[in-house]
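From first to last, the protein sequence lines stand for chains A and B.
Counted the way my numbering counts, the first sequence spans residues 1 to 220.
Counted the way my numbering counts, the second sequence spans residues 221 to 442.
Worth flagging that the hints you see were computed from the coordinates, not collected in a lab.
Nothing here was measured: the structure is a model prediction, and the numbers come from that model.
C-beta atoms are modelled at their ideal positions from N, C-alpha and C, and glycine is treated no differently.
Check before you lean on any hint, since a few could be wrong.
As the list claims (entries may be wrong) - Over 12 Å on every C-beta distance to chain A, these chain B residues come out as not near it, computed from the model:
1) L227
2) G238
3) M241
4) E251
5) F259
6) T310
7) T318
8) W323
9) S324
10) L330
11) I371
12) I376
13) L420
14) T435
15) K437
As the list claims (entries may be wrong) - Quick look at which bits of chain B chain A covers, simulated, 3 or more residues with Cβ under 8 Å:
16) 337–346
17) 359–369
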Amino acid sequence: MTAGISHIAALLRKDILLEIRQQYTFYGILLYVASTIFVLYLAMGQPLPEVWNGLFWMIQLFICVNAVAKSFLQENSGRTLYYYSIAGARDYIVAKIIFNGLLMIVMSVTSLALFRILMGDVVRHPWKFTGIVCLGGVSLSLVFTFLSAIAARAKQNAAMIAILGFPLIIPQILILMRISNAAFSDVIQGGMLLMSLVLAGLDILVIVLAVILFPFLWKD
Amino acid sequence: MRWWKILTVVLLLYTYIGGLMITVPDVGNLEHTIRNAFFHIPMWTSQFITLVISLVYSIKYLRKPNAINDIYAVEFAKTGTVFGILGLATGMEWANFTWGASWSNDPKQLGVAVALLIYFAYFILRNSMTDLDKRARISAVYNIFAFFIYIPMILILPRMVESLHPGGKGVEGNPGFNGDDLNTAMKYVIRPAYIGWAMLAIWITTLRLRLHVFTEKTQSAV
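When you get a sec, could you build the whole thing from the sequences and use the hints?
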């Protein structure tokens with residue numbers, strides 16, 4: 001168990017170091033976030049809260065596909081073989097999940113800030129909504145991390161991730177829209193806690209499935 | 221010809237004759253469209269059964285990588301998709317007359333749309349790979365992953381969107397079909413109908429399986 005944790009920590013450290021050294025990918029996604037929202041602002045101006053909400057989560061979806069896609073696609077087969085010999089498949093996927101979760105939190109908070117600056121500040125409960133956005137970013141990243149693993153093994157690109165993932169992400173997106181609509185109204189609606197718990201339950205399900213199924217993808 | 225194939229024919233004849241002949245209860249604006257129940261609802265049970273069988277063979281493949289398990293998984297998924305399309309078609313035609321529109325954002329319509337998208341993605345993923353062993357393994361993984369996300373989805377969706385389905389109480393729950401609307405005669409028809417259509421789905425799949433295995437053999441012989 002402790003060996004597993006140290007392996008995960010080492011793999012996570014590797015990913016973070018890689019990100020710090022090859023900064024172009026990180027800034028690349030950041031610029032993608034900024035330019036998408038800027039184009040959206042030019043096209044839409046400042047929309048109504050419901051539209052704002054819908055656009056926000058759709059943009060999150062596309063940011064997630066782009067941010068997470070590279071996590072497996074960037075690894076060439078030689079290096080994958082090397083990781084295979086030094087760490088277990090489960091440690092590897094858990095490290096990727098944690099890394100992508102952290103990456104998505106950074107991207108989500110950035111896009112929330114940009115949305116509030118450019119698209120109009122319609123959020124009534126900023127702190128609560130930031131929490132929802134972080135939870136949502138992590139939820140999206142979980143599903144797409146596993147799908148990017150599948151797409152990488154099939155030697156496919158980000159378009160394949162979108163095809164595989166968009167039908168599967170619907171429950172998360174619907175719940176997120178419902179929870180975040182509550183953050184736009186004056187009155188806090190009931191059932192928000194329950195919805196968040198359902199979302200957390202779905203996240204746990206995805207993690208469990210990923211941990212069980214990843215070893216089958218891994219071996220060649 | 222095995223006994224269950226004869227039973228399938230008998231049950232489906234019974235479904236068609238009984239389904240069109242019996243007196244049906246008068247429920248709201250349904251009139252005689254209620255007879256659609258004998259054909260529309262069994263599509264869903266058949267679809268679900270074939271997709272579950274496909275899932276089982278995908279799990280079997282991962283446990284024991286044997287090419288036949290992969291062929292079973294994909295052929296059952298294909299039949300399931302066809303039955304899904306048929307269920308959607310019969311439902312939309314019926315909705316045209318009763319709800320006034322063929323598509324009305326109903327949770328069950330959304331659910332089947334998602335299921336079709338998932339399995340189309342599964343077939344595209346399969347076709348994107350040429351290495352047989354790799355194709356079988358990766359698509360089995362996706363099949364299992366997608367199925368276990370799809371199940372909570374069809375439990376969550378009806379609680380998020382208002383439903384027009386008979387017995388659907390929108391946010392209050394997900395009753396698939398309101399059993400109270402069925403009279404005894406209808407029950408006598410619909411129960412064999414479930415079994416008959418499901419057996420037809422399995423029959424079609426076994427034929428396709430034989431064809432699939434046969435083509436593989438002839439191709440490898442050449």
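>> Of all the hints numbered above, which does this structure not satisfy? Sort the numbers upward.
In response: Those not satisfied are hints 10, 11, 12.
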